[in-house]
Amino acid sequence: MKRIKILIVTTLFILSAGLTQLHAQTTTQEEYDYVTRGYKMQLEGGLDMKQGYVLKEIGEWAATFSDGTRGFRFIGLYRGTDTKPCAIMAIYGKKDHSATRYAEYYCIPTMDATDLWEKTRTQLNANLTKENANEVLAGMVWALMKLSSQQMSQG
Numbered sequence: 002m003k004r005i006k007i008l009i010v011t012t013l014f015i016l017s018a019g020l021t022q023l024h025a026q027t028t029t030q031e032e033y034d035y036v037t038r039g040y041k042m043q044l045e046g047g048l049d050m051k052q053g054y055v056l057k058e059i060g061e062w063a064a065t066f067s068d069g070t071r072g073f074r075f076i077g078l079y080r081g082t083d084t085k086p087c088a089i090m091a092i093y094g095k096k097d098h099s100a101t102r103y104a105e106y107y108c109i110p111t112m113d114a115t116d117l118w119e120k121t122r123t124q125l126n127a128n129l130t131k132e133n134a135n136e137v138l139a140g141m142v143w144a145l146m147k148l149s150s151q152q153m154s155q156g
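For the sequence shown, my numbering assigns the number 2 to the initial residue and increments by one for each residue that follows.
Treat the hints with care, as some may be off.
[Claimed, not checked] Keeping only pairs whose Cα atoms sit at most 27 angstroms apart, straight-line, the calculated BS3-like set for lysine-lysine is:
1) 51 with 85
2) 41 with 147
3) 96 with 131
4) 57 with 120
5) 120 with 51
6) 41 with 96
7) 41 with 57
8) 147 with 57
9) 57 with 96
10) 85 with 147
11) 41 with 120
12) 85 with 131
13) 120 with 131
14) 41 with 131
15) 147 with 131
16) 51 with 41
17) 120 with 85
18) 120 with 147
19) 41 with 85
20) 85 with 57
Everything labelled a hint here was simulated from the structure, so no lab data went into it.
Full structure from sequences and hints, please.
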């Protein structure tokens, strides 16, 4: 069952990576690190935006469970004036009692960033051992399906 969940989530991540592929340059290790760790540090520390980059909201979708709402917010990371993101930030969050706690920052790199895809898969696998893994995965699948549907309707 765990392997099926990994396969489903990995497939949806790869499908959503198509959003970054048309004329996007390969995601770098530095960009991956910014998406998975640096952005959170920037928010918590009140730091300036990473120089030479722009963030653009893509969307946010959530699913409701008995103990709260779990979902993902997607933000594109763009280099300067590029029109396609070099990476997409997928931020997992849980809302309960109207407070939001973002717990995990995932990177959806460009399709050709093979090493970074392996790191993303490793991060997903590590999170499958957590107590709330089913809800996180359900929220992720739901959000990635909504993201894919949004992209289909845009063009």
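Comparing the hints with the structure gives:
1. 51 with 85: The hint holds at about 17 angstroms.
2. 41 with 147: holds (24 angstroms)
3. 96 with 131: Given that 27 angstroms is the threshold and the Cα spacing comes to 18 angstroms, the pair holds.
4. 57 with 120: holds (23 angstroms)
5. 120 with 51: Holds, at roughly 22 angstroms.
6. 41 with 96: holds (17 angstroms)
7. 41 with 57: Holds. Residue 41 to residue 57 sits at ~16 angstroms (cutoff 27 angstroms).
8. 147 with 57: holds (17 angstroms)
9. 57 with 96: holds (22 angstroms)
10. 85 with 147: holds (19 angstroms)
11. 41 with 120: holds (18 angstroms)
12. 85 with 131: violated (34 angstroms)
13. 120 with 131: holds (18 angstroms)
14. 41 with 131: holds (21 angstroms)
15. 147 with 131: holds (24 angstroms)
16. 51 with 41: holds (12 angstroms)
17. 120 with 85: holds (22 angstroms)
18. 120 with 147: holds (24 angstroms)
19. 41 with 85: Holds, because 22 angstroms separates the two Cα atoms, which is no more than 27 angstroms.
20. 85 with 57: holds (10 angstroms)
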